Amino acid sequence: MVQAVESSSEQNRALPSQAKPFSPEDDAYLREALKRCSASTYEAAFQFRKTKNTEHLPAIVLGIIERYVEPDLRAKLKDPDDDLRLIEDLGIDSLTMMEIVILVEEVLQMSINNEELRHLRTLGDVKQFIECKVRGLPLPKPTKFLPIEQIMSIMPIQPPFLFLNEASVSSQGASARYKISGQEFFLQGHFKDNPVMPASIMLEAIGQLAVLFLLEGGAGEPSKVVNPQTIFFTSCEGVRCHRMCKPGEVLSLSIKPKRLKAPLATFEGGIRVGQEKAAIAEEITLTFGYAEEVAVEPARPAAVNGEPTPLAAVVNA
Amino acid sequence: MRKVYITGIGLVTSIGNDVPTVSQSLRELRHGFEVYAPFQKADVPVKVIGTIKGYDADSYDCEDWTYPSRFSVKRDILRGMAPHGLYTYCAMLDAIADAKLAGGDVSNDDTGLYAASGGSPHLLGHYLHRMNTMGVMRCSPLGIVASIAGTVNFNLVAQFKIKGASTGFASACASSSHAIGFAYDEIALNRQKRMFVVGAEDGNVESILPFAGMRALSLQVNPDLASRPFDLGRDGFVGTGGAAVVVLESEEEVERRGAKVYCEVTGWGQASDGYNVAISHPDGEGLRTAMENALRRASLDPEAVDYVNAHATSTPIGDVSEARALKAVFHNGATRPAVSSTKALTGHGLSLAGAMETAFCAIALQEGFMPGSAHITRLDPACEGLNIIRATLTQPPHVVLNNSSGFGGANVCIVLRQA
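Sequence lines, in order, name chains A and B.
Using the numbering used here, read the first sequence as starting at 1 and increasing by one per residue.
Using the numbering used here, read the second sequence as starting at 1001 and increasing by one per residue.
None of these hints come from the bench; they were simulated from the model.
Heads up, some of the hints might be wrong.
Unchecked claim - Covered by chain A, per the in silico footprint, the following chain B stretches (three or more residues, Cβ under 8 Å): (1) 1062 to 1076; (2) 1130 to 1140.
Said to hold, decoys possible - Under the rule of at most 27 Å between Cα atoms (straight-line distance), these lysine-lysine pairs were calculated in the BS3-like manner: (3) A:Lys258 / A:Lys224; (4) A:Lys78 / B:Lys1074; (5) A:Lys256 / A:Lys246; (6) B:Lys1003 / B:Lys1053; (7) A:Lys35 / B:Lys1074; (8) A:Lys224 / A:Lys78; (9) A:Lys127 / A:Lys246; (10) A:Lys35 / A:Lys20; (11) A:Lys76 / B:Lys1074.
Quick caveat, the model's predicted, so the values are computed rather than measured.
Don't be surprised by glycine CBs; every beta carbon is placed ideally from N, CA and C.
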């Protein structure tokens, strides 16, 4: 699934297996470096440095991020969600991101270059990135952020029936937000004097995000381009709604591909409002076809993707 | 030209961190010196500094810093600051409260901020060491803004959302007096309505000890004897750090806000020695011209001056230069004006000195006293012929000069008048 970013993959190397053993001095240094992180962060880092077992990486990275998040926002990391956005949800600005990077570099004994950091928007991006770096795997294709203008230019579905305000698409899946404005035409009748987002529309929104994934992230065959005119709903299973969603609320949508094989693409998807589960679809299947001409997208420079991430802002300063 | 007034003061100094405490120290000649723990090593001949009480910012890690509990400073503010950045931040909050400024009075197009500090050799050394040992990309992202000269204006302008004029001044020990002078001009010339002027220094090992190499520091081990400007036994200055914030406002703003006023700033002057990179002119030529320029700008005769807060740092050469300059300006110097150096109490604050001592003069003018020149047991004969007051006088001064001199022979004189 993981597509390599060509420019970075060759520089990326696994940690040398013959690295010098972890000395008491290294341990003292590690303790000092992580003195403001939780005890479990230090413990994970200690184990990682001794054993090089990458299972410890998520705990280390999460612990380091937590240390730099303002205390009143740390509750969000208690039950960490890979979709948590570094800036919007955790209040991490570009300079704090650099502090995190430097501490991660020190603790994991690796170096990260600016170019690699431009597209890290969510906690999941960061974890996956570190994992690839440490294991010497090719870096994942960066998450691409799509503002509404870009979504509208890509999607065959348009307002007033488009239920995505902004989206992020990576090779692993996609996430999006939609704020129920209260002006949606169907809310006038659904229900009388009691506007509630229809469950069918919530399912539609999940489906729209899956459409966006197919058009922006591809359907697993890099050489082929999905034709927007060919995507239609096929089936869904295991749909459950957990709460009503009303005007003013922001729907956080996410989908992950389960199977991609033309002409069918099956996803799992869900909607949250804040930390509350609003709806899930165990399976939602779309049918799609490829464009007739084989058009290979030219490699684009990384910086043109959407609005710059905070790191890009620093790098470009 | 518009009139300019001092309407607010914030202080973090070796003799107190608020106006009432500082006023009491000045009146009672209580010094702020202590034997400084980091100097207590065999190879450090200097032992004493003017210490900052209630703060501890000696660690390289800003999250270790402690400060009075009435302040609360977030990590994302501290991380871009030097130790003296913390002092200025707190002094700024106090100055704003003292002047009773509302948020809109602080952040607008007509309010600016001028600042002076020598930067933070302490943090700069730490970051350069880190860069040299751990690699270029492991430098703290905020290492530069926390440590280079200008750090005070970078931080305060951003944190207090200053929209008007802002810059920093680098004339060493004359810096924050230059800042006051040019801030006065901004208001007098109708370019700004209000200016914050900030002087500050770390006052720690790295900002003070390098002066030992030029033999400028006192080697006295007794805190009661270390700083004694004009005394025959003086053997160099005693270093100190801290922060001083002075709020200058136009007469229109003072009227509009009904602001309390410490004193009027009536003018300033500057002149340079053109003599030596580090040594003051033996006759105090530049300082004499600076005082003459300042009095001319304020349209005052030398006879009108009641009190001079001398630059006198307690170095053998500098104090005599200033005494000669004073004698040249004030022909009746034996009787008027009263002269003292409050560095006998605070130590020498380097870039902090000008703003701190202008604040002291403003307090003296408002409260009606003239602080004595402490720790003189035998007056240096070269300083005779001046009315150097050894005890605090309780009569109110009407016109006060504050002198500052910096490396390269930069000299500034600020004229203040009872409001």
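Against the structure, the hints come out as follows:
With 4 residues carrying a beta carbon less than 8 Å from a beta carbon of chain A, the segment 1062 to 1076 of chain B meets the three-residue requirement, and the given coverage holds. Using a Cβ-Cβ cut-off of 8 Å, 5 residues of the segment 1130 to 1140 of chain B lie near chain A, which meets the minimum of three, so the contact claim holds. A hinted pair counts as satisfied when its Cα atoms are at most 27 Å apart, and Lys258 of chain A with Lys224 of chain A qualifies at roughly 19 Å. Distance check on the hinted pair: Lys78 of chain A and Lys1074 of chain B sit about 22 Å apart at the alpha-carbon level, within 27 Å; holds.
Simply put, Lys256 of chain A and Lys246 of chain A have alpha-carbon atoms about 25 Å apart, close enough for the 27 Å limit, and the pair holds. A threshold of 27 Å between alpha carbons decides the hint, and for Lys1003 of chain B with Lys1053 of chain B the separation of about 36 Å lies outside it, so the pair is violated. Distance check on the hinted pair: Lys35 of chain A and Lys1074 of chain B sit about 18 Å apart at the alpha-carbon level, within 27 Å; holds. Proposed proximity of Lys224 of chain A and Lys78 of chain A is contradicted: the alpha carbons are some 41 Å apart, above 27 Å.
A threshold of 27 Å between alpha carbons decides the hint, and for Lys127 of chain A with Lys246 of chain A the separation of about 33 Å lies outside it, so the pair is violated. Note on Lys35 of chain A and Lys20 of chain A: the hinted pairing holds, with a Cα-Cα distance of about 24 Å set against a maximum of 27 Å. Taking the CA atoms of Lys76 of chain A and Lys1074 of chain B, the gap is near 19 Å; set against the 27 Å cutoff, the hint holds.
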